[in-house]
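Protein chains: 4
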Amino acid sequence: MVYEVKSLNEECGVFGIWGHPQAAQVTYYGLHSLQHRGQEGAGIVANDAGTLRGHREKGLLSEVFKNPNDLDKLKGTAAIGHVRYATAGAADIRNIQPFLYKFHDGKYGLCHNGNLTNAISLKRELEKQGAIFNASSDTEILMHLIRRSHNPSFMGKVKEALNTVKGGFAYLLMTEDKLIAAMDPNGFRPLSIGQMKNGAWVVSSETCAFEVVGAEWIRDVNPGEVIIIDDTGIQYDTYTDDTQLAICSMEYVYFARPDSDIAGVNVHTARKRMGKKLAQEFKHEADIVVGVPNSSLSAAMGFAEESGLPNEMGLVKNQYTQRTFIQPTQELREQGVRMKLSAVSSVVKGKRVVMIDDSIVRGTTSRRIVQLLREAGAAEVHVAIGSPELKYPCFYGIDIQTRRELISANHTAEEVCEIIGADSLTYLSLGGMIEAIGLETDAPNGGLCVAYFDGKYPTPLYDYEEEYLRSLDEKTSFYIEKVKK
Amino acid sequence: MVYEVKSLNEECGVFGIWGHPQAAQVTYYGLHSLQHRGQEGAGIVANDAGTLRGHREKGLLSEVFKNPNDLDKLKGTAAIGHVRYATAGAADIRNIQPFLYKFHDGKYGLCHNGNLTNAISLKRELEKQGAIFNASSDTEILMHLIRRSHNPSFMGKVKEALNTVKGGFAYLLMTEDKLIAAMDPNGFRPLSIGQMKNGAWVVSSETCAFEVVGAEWIRDVNPGEVIIIDDTGIQYDTYTDDTQLAICSMEYVYFARPDSDIAGVNVHTARKRMGKKLAQEFKHEADIVVGVPNSSLSAAMGFAEESGLPNEMGLVKNQYTQRTFIQPTQELREQGVRMKLSAVSSVVKGKRVVMIDDSIVRGTTSRRIVQLLREAGAAEVHVAIGSPELKYPCFYGIDIQTRRELISANHTAEEVCEIIGADSLTYLSLGGMIEAIGLETDAPNGGLCVAYFDGKYPTPLYDYEEEYLRSLDEKTSFYIEKVKK
Amino acid sequence: MVYEVKSLNEECGVFGIWGHPQAAQVTYYGLHSLQHRGQEGAGIVANDAGTLRGHREKGLLSEVFKNPNDLDKLKGTAAIGHVRYATAGAADIRNIQPFLYKFHDGKYGLCHNGNLTNAISLKRELEKQGAIFNASSDTEILMHLIRRSHNPSFMGKVKEALNTVKGGFAYLLMTEDKLIAAMDPNGFRPLSIGQMKNGAWVVSSETCAFEVVGAEWIRDVNPGEVIIIDDTGIQYDTYTDDTQLAICSMEYVYFARPDSDIAGVNVHTARKRMGKKLAQEFKHEADIVVGVPNSSLSAAMGFAEESGLPNEMGLVKNQYTQRTFIQPTQELREQGVRMKLSAVSSVVKGKRVVMIDDSIVRGTTSRRIVQLLREAGAAEVHVAIGSPELKYPCFYGIDIQTRRELISANHTAEEVCEIIGADSLTYLSLGGMIEAIGLETDAPNGGLCVAYFDGKYPTPLYDYEEEYLRSLDEKTSFYIEKVKK
Amino acid sequence: MVYEVKSLNEECGVFGIWGHPQAAQVTYYGLHSLQHRGQEGAGIVANDAGTLRGHREKGLLSEVFKNPNDLDKLKGTAAIGHVRYATAGAADIRNIQPFLYKFHDGKYGLCHNGNLTNAISLKRELEKQGAIFNASSDTEILMHLIRRSHNPSFMGKVKEALNTVKGGFAYLLMTEDKLIAAMDPNGFRPLSIGQMKNGAWVVSSETCAFEVVGAEWIRDVNPGEVIIIDDTGIQYDTYTDDTQLAICSMEYVYFARPDSDIAGVNVHTARKRMGKKLAQEFKHEADIVVGVPNSSLSAAMGFAEESGLPNEMGLVKNQYTQRTFIQPTQELREQGVRMKLSAVSSVVKGKRVVMIDDSIVRGTTSRRIVQLLREAGAAEVHVAIGSPELKYPCFYGIDIQTRRELISANHTAEEVCEIIGADSLTYLSLGGMIEAIGLETDAPNGGLCVAYFDGKYPTPLYDYEEEYLRSLDEKTSFYIEKVKK
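Going down the list, the sequences are from chains A, B, C and D. Heads up, the first sequence is in this note's numbering, so the first residue is 1 and it goes up one at a time. Heads up, the second sequence is in this note's numbering, so the first residue is 1 and it goes up one at a time. Heads up, the third sequence is in this note's numbering, so the first residue is 1 and it goes up one at a time. Heads up, the fourth sequence is in this note's numbering, so the first residue is 1 and it goes up one at a time.
What the hints contain is simulated information worked out from the structure, not anything from laboratory work. These figures come from a predicted structure and were not determined experimentally. You may find that some hints are simply not true.
Same chains, same label: a pair holds when it works inside one copy or across any pair of copies.
Unchecked claim - Here are the simulated lysine-lysine pairs, PhoX-like style, with alpha carbons at most 25 angstroms apart:
no.: 1; residue 1: K340; residue 2: K197
no.: 2; residue 1: K391; residue 2: K128
no.: 3; residue 1: K317; residue 2: K276
no.: 4; residue 1: K157; residue 2: K128
no.: 5; residue 1: K73; residue 2: K178
no.: 6; residue 1: K166; residue 2: K391
no.: 7; residue 1: K75; residue 2: K102
no.: 8; residue 1: K283; residue 2: K128
no.: 9; residue 1: K349; residue 2: K197
no.: 10; residue 1: K197; residue 2: K317
no.: 11; residue 1: K102; residue 2: K128
no.: 12; residue 1: K178; residue 2: K128
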């Protein structure tokens, strides 16, 4: 069902808490609000006065903890949790986090959101020294580095390890007596700190979790920071000064929940402003605005408000699609049977529709939705995208690691417009997007990482350098062939 | 979790097909688009050249057919299917439809959406004659009546039975050689007829299923009609002329999917017009419009467009709530931990909010959402409801059979406003609602049943007469007490 | 896996209790000891001071009640329960017993072990009168007859119904204020009465349940009896005097547990005596005795004791076979891969083996085991069967309703010996078996039904008469063809 | 349910194969026949021309591979598999074997039956050097040792590692191009080599697997051997000459399947001889012999044959006990409700019974069975045990690691007799047992490890030395107190 699955995936969400009598329960609710960041697996490690216990499993959080005992046994006043997205090949219980380590001289829980750019060479080097990696994820590299460090203090070991790994990362590390949170030097992945009414400290990939667990936002974790929370309070430290803010712009465009704030900017509001900017840059006549549910509804609101066109529910998503095992046969699909998204004839018939979407990855989804709208009687379909053309892979934690999967890596906007069968195709300009997000910072690109749009990566690429260069020469004709059929 | 579950439930959806080589598969997709009408159980009976086979189970459709074999074994070119909502007490596999009957002289599949008003007296009478009822639902009464009829022709028996049952009903009856659809004399419940590209006939509780299975809408089934579909085509017949159109208005307000059309009126469009009417009747100053997701988003669009106020995503619903077994403890809930709905501080802080909802049943949900918005910093919360005050029970298929569950049965709008803690409370007027829906008909109340609003039932109440009269005297002070706490 | 599944199945076991605070729990344990009589489904109906509640499901008892709540909710001081065996086609939840009936004027639970011989004509007659049957089993016929009876008293209705049904049956009927047990006029199926230490009355298909629940055996239910248990005690009544004892001899041979007593004769002891008789009738030289596990171990003990040959474990059954979903491919099977039964080379190598089995149905199992023993190095394999040749179908509750499935219906013992590849084949004589069982009675055939051996049925066959006569002409060459391959 | 669970458990079974097109399938059947050696988890790693894939899960084999795809995806011509028993605390998926290692320079599958005696100190030492252990089992120590070895050849590394670990072990190690099997220097755990008809080599913890997969036994793996199987054939090598045969005698007494041969001696035959010896040593008058099912049936056969007493089925085990989640409440248990084992009144009533069991661990089971027999009417109960008194813990792979769990560690046979309520208690003498097993060897104790009986361990105890010495002083009065109640 290629056309209905967004081929763009965040890699994980993390949540941690220190100082609450029902720490694992609160972590459960926090993770529940981060479920959109990873549906493949989840887990929690709780700290019960120095005793660490964990539970993790494949599936949605509700499946992972379907037996209430699994949560109840995670006693203690501190916890960390993780929801995981992963590529198909790595769907193994061993990769589900947090990892729980029980050494003769200490116990640790560890989880991670992001992607290391020097993981392959670090792993190889460590294996040559006799290290055995259990999972295929990058995460446990940090623990190997900590355990092998000769630095005399524990925090010294941790900082040494953080300076050795490269790329995008937000780590949570639970020890017997403290909770440590660390952010990469560019702040690629979001991580915020909050406080509950009872004084408990919480950290979360997104602030939407604070609303859910009744916590107040305190501040975001800054690039290069390592934060230590224990019974004496919170301590803000840094492991490097060589930092430069480059928040993943796709968090605003697509990944984050609309009710989260990143770097002080609300995601819904940013998207609505993208919709307004897009309306300003849009050059065509139209009758109604239709957002692709659910990620583009905010942008559609902004576009409608700015353009004065009515915002209509011309596409409806079936809310019961999460767990349907039975898919239409090819034959039925050709007869028009589809399950997840419907165009509403009585709304779009005879209308010139502006179809708002957040981004185009492979183009197959857009093409399918344009076709749905036409079959439902739309007179014209003008596609307007709330972000610029996706042309380059990401190596910091989003699952687009090859240009072959990106239609815009190989095709001009005009070609894409033709391929998806639209009457026109408008992308939001890079400047327009940066302005719409509107972070208060002097950093380049308004403090955002926009490398997938312009190919300018804010860091060296290490193990991916070669892969990246090779990808520049890839010329796939995949989609054009598809269209010819 | 009273405050997050709408205490208002449709009773069931039906789908039928005749003339398609993958009839059960198509029925599966049709039912999937009707899943919102019933999540407690589902089933399909397929007709394979006169051999009828069935499968039914408790749970969502995806659970009922989680083993693909269950669907594959339902061979044949015709099928009927059902999704069921039911009150807790009756959650028994025996009540899951369609029922499959295998007599020595014939086989039948039967399913039903609606509620009979003379079921109790019919059952008692039949039992006295030796009849044994298997399920506790009303549905099988029809089969007993057909089997006991002395009318010489089969269609004569069916019509006799249809004239004996009273209330709201849409029946699908599969025989070995035809598919029969029947509508009550008032057309309370929606039922539409469509045709697929290959000529197959489909019937469905809602037209959204036609979009999903690639069928074209032909027409709705009229009050008092009995329709026969077989290999020779479709035949429109009637079993009574004593009819009067009274479509359930709550279908437009809350139950039906926005992409369905009922009696030629699109549901999203009707809701948007209710929002516009509501904006005209609304008398207060405000800054932003916030719809309660998901049912009130259309009305919010209409309100925003008419009022010129910006439409904002000030409330966000977690999309992963369907299957969460672990609920916050009372203690956590008091600490502010909640799972399903969040108010977005950065959107509503300091704003005068118009909160749009479709209806108020018990008032607990509204009160909770008002509180969420206030905690998130809203300066004022003005509640605007897209329908009039719900004051009377329904006996035709909606699960509000006692006035004690309806806050407006006992309280004035002013009292309700105070109870839910809003700054103001505006209901759409009855006339406004009828006008917004705007059916083309000369029937009273614009062809709608509005009895829950005005207590004027379009039919005698039979077995419920006494219950109804008793309910008029019920004076519960349930909510006022709640508020005093 | 034809060769490892005994194509001979009992149809069901029943258990009932009156007067115990944990009636459903005790019933669970009672049924657990009757699990061998039916693994396809199970259920319990409990009586809580006149309120009847039930739970039933497909699968083993442990699956049916895998959620402890399912049992806990069955409150009350009386209960009836059922384990069901059924032919594949009827594996439907609707057939799982006990059935629970809720009429406006009374509630009933009903379950049944046996088979009616006039079910088809009774059903047809009742359907013509408007009756609707829910399940495909015979059981509900009794309830239809009771409900339609014009006899003024309830027990009068029950007796009238019992006199209308024909064949083999042991019924348990729970009403709001009593538990009724009834036996067919021949006592085909076993049913015993016991009493617990607290005075509670129990009825069970086999006395092994009494040992498990700590009850003392009181007496067996006699042919033509109807027994009423209520708070005032137990009452032995009869509904007919036209009775003649004909206990199913296969209960002793194969079905019943060795620790049960039927008509005062212990099953293990009867089997051991059959083994001794068989040894007396056996005419060959041999070195060791090997019983086919588990049903033939008692007979093997008897044979060894009588013959003086050592009893050896030359065949071992894997005890983990109940739930293996993965079966060897045909290819692996040809390579000798097998899962359930192993011959032990070090025990049988070079030995002349007497292989003891209880009966031969299709011959495929015996043939396979003979082959296993030969492959393991047995010098000779002499098959000795603890019962006579199975030649005729059973219509009273055992699943052999066609002669085509019985190798001895079509083949002489010499032919069978050749087909199964044995060096010799000895059946226990009919007289030997009757003597070994040794009931104290003057009834024909020592009070046993031996119709499958001699074709002389103790009752008219009603609806099966024609089928039986037709079967006499069936001459299948199925097995001979198999052997030629 | 203490009294029905044998507190004596084997730790695991292994199976491997090289050279069969359906290697994983054959491994599945092999493991299925070893299921009695471990029910907590299972797994298979298959080798598909150098690509290693694995699947492992908690539960019985049938649960682990309940989805046929899980087995089908394990393509390849070689495989190793494991069934695991484990103490409650370690029931974690991470401990389920085989482990699958994917290094940048090689892939390995590893599994293990046994227990290392220097695991704790090895782990600590390795962790100090930076090693991270994933599971809590001993098994992965071997891989750490191999990876850290500086020996230039791979087999050199393996042999170095095998010389470093101490205790009881049978390892299977799959590499990309060979299958390695290794046995500890005492041959504590059984491991045999066989060959299939197509030439494929198989290794298995027990020979019963060979019968199941159609393989011929070639020979057992000897103490100190390391065997390499690859496409060129099989190679027998040794890693140490410092060996002395000491096969675990409890394999013959209790663990192994009766159809397995260990060191050329069939287990059933050994048990039967133990029964005969026991009859010779038995000094009391009795009427019948009753074996405790299932482990003591062979010994009962031998006892009966030798003594001339009839062997009777006086105890019957319910064959459906594996998966019963619902257990009798304490109250019901006191009323005599029990589920797993029944005494047969009609068999034992008035009889002087010799009750044969294989061993006594805690005494609770024996006591319970004696009581069952008495309640069923046995006149006298003489307990005869097919092995000597269990007095000392085992550190080589059986789960009796503390003397506190062994009733005979603290009580004389006379006291035990009184505690279990028997009329007499006879243990087989140590010499009798050794003679009955009858291995052809000059090694001490007839080549058997009998340390649990005489406290003389065939090796140093390393990390357990201290624990063992401490246990000698433990004087628990646990059972006497129990009896006083």
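**Prompt:** How would you classify K178 and K128 at a CA-CA limit of 25 angstroms: within, between, both, or neither?
**Reply:** between (32 angstroms within a copy, 22 angstroms between copies)
**Prompt:** From the Cα coordinates, with 25 angstroms as the cut-off, is the pair K157 and K128 best called within, between, both, or neither?
**Reply:** both (21 angstroms within a copy, 15 angstroms between copies)
**Request:** Indicate which option fits the pair K391, K128 if close means a Cα-Cα distance not exceeding 25 angstroms: within, between, both or neither.
**Result:** neither (37 angstroms within a copy, 47 angstroms between copies)
**Message:** Regarding K349 and K197, is the shortest C-alpha distance of 25 angstroms or less found within a copy, between copies, in both, or in neither?
**Reply:** between (52 angstroms within a copy, 19 angstroms between copies)
**Request:** Measure nothing new, just compare the shortest in-copy and cross-copy C-alpha distances for K317 and K276 to 25 angstroms and report within, between, both or neither.
**Result:** both (24 angstroms within a copy, 24 angstroms between copies)
**Request:** Could you figure out if K197 and K317 sit no more than 25 angstroms apart (CA to CA) within one copy, between two copies, both or neither?
**Result:** Between copies only: 23 angstroms across chains, 38 angstroms inside a chain, cut-off 25 angstroms.
**Asked** For the identical chains here, do K166 and K391 meet the 25 angstroms Cα criterion within one copy, between copies, both, or neither?
**Response** Classified as within; 23 angstroms inside a copy, 58 angstroms across copies.
**Message:** My question is about K75 and K102: at a cut-off of 25 angstroms on alpha-carbon distance, are they close within one copy, between copies, both, or neither?
**Reply:** Cα proximity of K75 and K102: one copy only (17 angstroms, versus 34 angstroms across).
**Request:** Pop the pair K73 and K178 into one bin, within, between, both or neither, using alpha-carbon distances up to 25 angstroms.
**Result:** within (20 angstroms within a copy, 43 angstroms between copies)
**Request:** Up to 25 angstroms between alpha-carbons, please classify K283 paired with K128: within, between, both or neither.
**Result:** neither (59 angstroms within a copy, 67 angstroms between copies)
**Request:** Go through the copies and call it for K102 and K128: within, between, both or neither, with a Cα cutoff of 25 angstroms.
**Result:** both (23 angstroms within a copy, 13 angstroms between copies)
**Asked** For K340 vs K197, is the C-alpha pair at or below 25 angstroms within one copy, between two copies, both, or neither?
**Response** This pair counts as between: shortest inter-copy Cα distance 20 angstroms, intra-copy 41 angstroms.
Going through the hint list in order, the structure does not satisfy hints 2 and 8.
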